[in-house]
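Chain by chain, the residues run as shown.
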Amino acid sequence: MASLFVIQGPDQGKRFNLAQVCVSLGRDTTNTIRLNDTEVSRQHAEIRQDDVGDGYHVVDLNSSNGTFINDARRDRHELQSGDRLKIGATLMIFTGTDVNVSHNTDNVELISSMNQGEKSRIVKSLRHDGQFDKEEEGVSPWLARARSNLQVMYRTSLAVSHTLDIDELLLRIMELIFEWVEADRGCILLTDRDTSALEPKVRHNRPGTPDEEKLSISKTITDYVMSNSEGVLTSDASEDERFDAARSIVTMGVREAIAVPMQGRYGIVGLIYIDTYTAPGKTLRGMSPKFNEEHLKLMVAIGHQAALAVEDTSYYSAMVQAERLAAIGQTIAGLSHSVKNILQGIRGGSYLIEEGLKASETDLIQKGWGIVERNQEKISRLVLDMLTYSKEREPEMAPADLCQVVGEVIELMNSRATELNVTLKWEPVAELPSFVFDSTSMHHAILNVVTNAIDACDEVENGIVEVTVEYDVDEKLISTVVKDNGKGISEQDLARVFVVFESTKGNRGTGLGLPVTQKIAQEHGGEITAESKPGKGSTFRLTWPAVLAEEFNEALVGEKRE
Amino acid sequence: MKNASPSQVLIVDANADSAEVLHAVFQRKGVETISARQPQKGIQLARSCDPDVIVLDVESLSGEDISTDDFLDSNKEQPARLLLLGNLRQQEKESGSDAILAKPYHFAALIRKIEGLLVDSRAA
Numbered sequence: 001m002a003s004l005f006v007i008q009g010p011d012q013g014k015r016f017n018l019a020q021v022c023v024s025l026g027r028d029t030t031n032t033i034r035l036n037d038t039e040v041s042r043q044h045a046e047i048r049q050d051d052v053g054d055g056y057h058v059v060d061l062n063s064s065n066g067t068f069i070n071d072a073r074r075d076r077h078e079l080q081s082g083d084r085l086k087i088g089a090t091l092m093i094f095t096g097t098d099v100n101v102s103h104n105t106d107n108v109e110l111i112s113s114m115n116q117g118e119k120s121r122i123v124k125s126l127r128h129d130g131q132f133d134k135e136e137e138g139v140s141p142w143l144a145r146a147r148s149n150l151q152v153m154y155r156t157s158l159a160v161s162h163t164l165d166i167d168e169l170l171l172r173i174m175e176l177i178f179e180w181v182e183a184d185r186g187c188i189l190l191t192d193r194d195t196s197a198l199e200p201k202v203r204h205n206r207p208g209t210p211d212e213e214k215l216s217i218s219k220t221i222t223d224y225v226m227s228n229s230e231g232v233l234t235s236d237a238s239e240d241e242r243f244d245a246a247r248s249i250v251t252m253g254v255r256e257a258i259a260v261p262m263q264g265r266y267g268i269v270g271l272i273y274i275d276t277y278t279a280p281g282k283t284l285r286g287m288s289p290k291f292n293e294e295h296l297k298l299m300v301a302i303g304h305q306a307a308l309a310v311e312d313t314s315y316y317s318a319m320v321q322a323e324r325l326a327a328i329g330q331t332i333a334g335l336s337h338s339v340k341n342i343l344q345g346i347r348g349g350s351y352l353i354e355e356g357l358k359a360s361e362t363d364l365i366q367k368g369w370g371i372v373e374r375n376q377e378k379i380s381r382l383v384l385d386m387l388t389y390s391k392e393r394e395p396e397m398a399p400a401d402l403c404q405v406v407g408e409v410i411e412l413m414n415s416r417a418t419e420l421n422v423t424l425k426w427e428p429v430a431e432l433p434s435f436v437f438d439s440t441s442m443h444h445a446i447l448n449v450v451t452n453a454i455d456a457c458d459e460v461e462n463g464i465v466e467v468t469v470e471y472d473v474d475e476k477l478i479s480t481v482v483k484d485n486g487k488g489i490s491e492q493d494l495a496r497v498f499v500v501f502e503s504t505k506g507n508r509g510t511g512l513g514l515p516v517t518q519k520i521a522q523e524h525g526g527e528i529t530a531e532s533k534p535g536k537g538s539t540f541r542l543t544w545p546a547v548l549a550e551e552f553n554e555a556l557v558g559e560k561r562e
Numbered sequence: 001m002k003n004a005s006p007s008q009v010l011i012v013d014a015n016a017d018s019a020e021v022l023h024a025v026f027q028r029k030g031v032e033t034i035s036a037r038q039p040q041k042g043i044q045l046a047r048s049c050d051p052d053v054i055v056l057d058v059e060s061l062s063g064e065d066i067s068t069d070d071f072l073d074s075n076k077e078q079p080a081r082l083l084l085l086g087n088l089r090q091q092e093k094e095s096g097s098d099a100i101l102a103k104p105y106h107f108a109a110l111i112r113k114i115e116g117l118l119v120d121s122r123a124a
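Residue numbers (the numbering used here), protein chains in the order written: chain A, 1 to 562; chain B, 1 to 124.
The following block holds chain B by itself, in its conformation from the complex (with noise of 0.2 Å):
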């Protein structure tokens, strides 16, 4: 049950920094979070960890054979909130994320929006 166990974020992020400034953050609001920089460790660690919130900056997926799409079906049974990062193609916005932020954010909103999608994930 996600409902038993802290809140878990997974941030996908080819850079490093804004990874380090959002675990700062939410470890003082008692939210566990994890980061890959690489977009088929986060596939692995989607499936894997079973976090509640994916934050996704699109940039990263650039030149790589996965999508959206597959961190989506990362977990059937209890999907993740999507939070898709970056200046969205059509195609991306209706991919069926559940939140979007454009580039450039101010890292008061996106925390927000974060935490938001954690609101609803565990009122789901």
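So here's chain A without its partners, still in its complex pose (with noise of 0.2 Å):
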């Protein structure tokens, strides 16, 4: 589905997804897209579907600011996957439906030395890393500086790849311009996207330079770089007829400084400065110019690299944030829908007490006091649910009877199979060795099971849920098998029934215990499987493997001896 994705602006992360033929944008309510920015207009554009359905364009709906399209103000657009739609503050990437592009590689094939047709050979190789600092006899001066501003910048464009850390980022780029320019000190500032004022990021100054001494930077010297999107390099800034003597920047003790914008893709992220600098009483006699137009070129260069990787980065945690954000609303929708459930269930009990007290009639108490509280043991399992699946644990290994655990679930479930009709089987298997495992996290890990089986033949005639346990001597497994004929599940929500907050028991369910079997099981080194027909019932296989209590106590005796 075509969308679009807000990378700047007091709506920064969200995704819209465009799923009418008509969507509006704009600060009123009354939007599809409603945007909490004060720049953008009550009834600001509409995106609007082509009648074939495969394309979108844009219509702005005569808006005070105007809607922007990489940049260009436009009225009626058709939009491309990748365009840049701004409007007010708030800037979007719109992404179009899927198009079929033909990605065929079945007539590229790699031939071997062997064959007849292969007549190359290898004339010159190079590494990727080192061979640009060897020198050649005979090689130009400008060839020279030439493949050492390509290796700056090929430093540099290692540099902003290796990390997603802004302030690591930028510290990287700083080192690396001191490596390479003799600067004293130098700072990147980067814009705060709300007040859109600098804030320095990073200082660096040259070793035996003082670190307490103050860094003041020529607010002439930003406003123009950032008014004119332009580098700048002064050598002797008295004498620079683009800033004001009056406000000079030699009154502050700087003799050269370069000042390059950070210029992204959709604007200037900041700006990086670096100056010679000398302590005020000592003489400017003698000292020759470190800066040069070569230097200005790099460094813009280097600016638009690092701007980049700004983005890059911005976007990337504001996906996170979006994720995180998506995940929270999920988990909380998840729990509020089985918390209100189970309030539901208290409240009705309750009022089935209250009326049993006025009329004096035990029987109705009883029966409120039945609801209240098996949503009391709901909400118990709830809770341990979700510390469980929270919480990474290391399962508490210990010999164990499977068949007394699972014993135990089943007189656990026996009052609820009994109240839905459904008929509980279990036989235990006799003889079956001790086994090591946690018992308390696989008792809570087969009740889960147990009570979807219930659950699932609720309203079926005759449902029957049959327990059993399994031991594979020669794969050496232990499985737990909980069989139902109840109403099945979809292969469609088969597929899902793992997944958590995923229920396909409707209200009665929380989406939680399934996933909570399952990391119960992957916490022994086992699995959960499930196979189903709608109409017809599902089984469950908890596996894992069998340690036998025998070779576990003959294993602590030997580490004990040791």
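Where hints are given, some of them may not hold.
Claimed, not checked - Ranges between beta-carbon positions, derived for each pair:
id	chain 1	residue 1	chain 2	residue 2	range
1	B	Glu64	A	Ser157	32 to 42 Å
2	B	Gly96	A	Thr468	51 to 61 Å
3	A	Lys536	B	Glu77	35 to 45 Å
4	A	Val429	B	Gly96	56 to 66 Å
5	A	Gln376	B	Glu64	29 to 39 Å
6	A	Glu550	B	Asn87	53 to 63 Å
7	B	Asn87	A	Cys22	24 to 34 Å
8	B	Glu77	A	Gln43	29 to 39 Å
As the list claims (entries may be wrong) - Sample of chain B residues lacking proximity to chain A, with all beta carbon distances greater than 10 Å (derived):
id	residue
9	Pro6
10	Gln90
11	Ala99
12	Lys113
Think of the hints as simulated: they come from the structure by calculation, not from any bench. By construction, the Cβ of each residue, glycine as well, lies at the ideal position given by its N, Cα and C atoms.
Put the two chains together into one complex; each comes in its own frame, and the hints tell you how they fit.
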């Protein structure tokens, strides 16, 4: 589905799917996409689907500040994937519906050197690292400089591609600049998204330059760079006609400075500044310039690279944040749904108790209390499931009797089965050896599966849930199998039964039971599998590696001896 | 004739506890209750049992290919009074139901609404 992803503005990180033929954008609540941006008009623009249904175009609705596509103001524009749509302070990326693009690689083949048709030979090779530094005799100074510049750009590209931490990224860039140019002080400033003010992020000094000395950056320079989107080099600022002599940067002890914009795809994200500095009272005489035009050009290129990396990192952070918010939203929605249903039950049970007390009817009180108790059990299991699902833990492995664990689950669930007219079948395996597993968590896992099986048989005639335990001696696997003849699960739903908060049980399910069971199985190095046929029933098989208690005990004795 | 037989309420709610509470309360009042957790089964019961009042929790319709209209149309000759429970969208509010009760509700209020609809149904 086509969508708009907000990469700048108050709604940054939000993704809006273009699900309708006409989607309106604006500040007003009546819009399909409501933007919390005061610079957006109430009814700002519309995105309309073409008649054929595979294209979209944006139409400005006479907005006050206009609609911009890829920085150009447009009244109407046919949208292409990757287009930047800016309205007010909100910048969005448009992603269109999938287009069938041919990536036919069938006619590509790798031929061996033995092949008759292969005539090529290697005349020169170059490693990806190091060899740029080798100096060759007879190479012109121009070529040497070009190579050096290429080396700087190459290292900058490597530096920006290795991190998603903006502070770390800026620090690396600053260090690289200082390796390459003889600056005394440097600083990278980023534009604050909310205030548009430049905020210093990284400062770097050449060794020997006192750190505690305040780095004052001329606003004359930064304003010029930011407003003109141009890098500036000044070798003697007092003579530079671009700057007001009265506010000359020379008054701050700066001899030379380079300031370049960090020009990204969507605008200027900040500024890189370096200078050479003479402490007050020291003489300038005899000092040769350290910065030249070539430095400026390369700094502009580095600024651009850094800006792209900053934008990518911000974009990635916004995506991660959006996904995190979506996950939190899903969790809250899932839990609220379960808690709401439990509260409804408690409310109903309490009402019956109240009525029973008023009328002195013990039957009504008992019925009400039964409902309250059932919902108390539900909420305690929900909390237990939440804790089990959210906590990373090691199972407490100890010898235990699996038949006893399953027997306890059956005993616990018998009343529920009887209540729903479901027959619960369980035949313990005679002479099953004792295994090593976490009996508490496995009890929890089996209980979840058996509960589901009983619920699946509700409203089914002659509902039967059969629980068995199997021990595969050859494969050294132990299984608990829960089979029911309930309503079954469709193929589509079966694929999602282990996804958290996906319940096929409607209001009765929390969507946590099976994910928790799967987690417990995995903690034991095992798995849970499901087979089902709608209308016929389901089989859940919980399998994990069998560790015999006697082997475990022998190993323990061995460890103690050592 | 509906007036000859005891009043009957159909409860369509995925939450079995709610149906159980209503069943216990109305049994004491001599009103018969039948219930369904699935809306599909609810439609079948509405057609076969011809209840006086249908209490429908709209949440139970989510993900199903059934709407409130299907319950309104379940018996064209003697339509049952329809009480919708839940936080309804405008479209559902305008669907022609006889009463609406937003969630969360108090059971005393729900029971009063059902009783009122039973009286209306019998008077019609």
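Outcome of range test on Cβ distance (Val429/A, Gly96/B; 56 to 66 Å): 59 Å, holds
Outside-interface status for Pro6/B - nearest CB in chain A farther than 10 Å: At roughly 20 Å from the nearest Cβ of chain A, Pro6/B sits farther out than 10 Å, so the non-interface label holds.
Looking at Lys113/B again, its CB stays over 10 Å from all of chain A? Holds: least Cβ distance 14 Å, greater than 10 Å.
Please verify that the nearest CB of chain A lies beyond 10 Å from Ala99/B's CB. 19 Å, holds
Taking the CB of Glu64/B and the CB of Ser157/A, does the distance hold inside 32 to 42 Å? 55 Å, violated
Pairwise beta carbon distance, Lys536/A to Glu77/B, judged against the given window 35 to 45 Å: Because 38 Å falls inside the window, the suggested range holds.
Could you say whether the range 29 to 39 Å given as a hint is met by the Cβ separation of Glu77/B and Gln43/A? The hint (29 to 39 Å, Cβ to Cβ) is violated, given that Glu77/B and Gln43/A are roughly 49 Å apart.
Satisfaction of the hinted span 29 to 39 Å by the C-beta atoms belonging to Gln376/A and Glu64/B: 30 Å, holds
Could you say whether the range 51 to 61 Å given as a hint is met by the Cβ separation of Gly96/B and Thr468/A? 52 Å, holds
Was Gln90/B rightly flagged as not at the interface, with every chain A Cβ beyond 10 Å? 13 Å, holds
Range agreement (Cβ of Cys22/A with Cβ of Asn87/B, hint 24 to 34 Å): Hint holds: Cβ distance 27 Å, inside 24 to 34 Å.
Honestly, do Glu550/A and Asn87/B meet the 53 to 63 Å range at C-beta? Given a distance of about 60 Å, which is inside 53 to 63 Å, the answer is holds.
Hint compliance for this structure: hints 1 and 8 are not met, and every other hint is.
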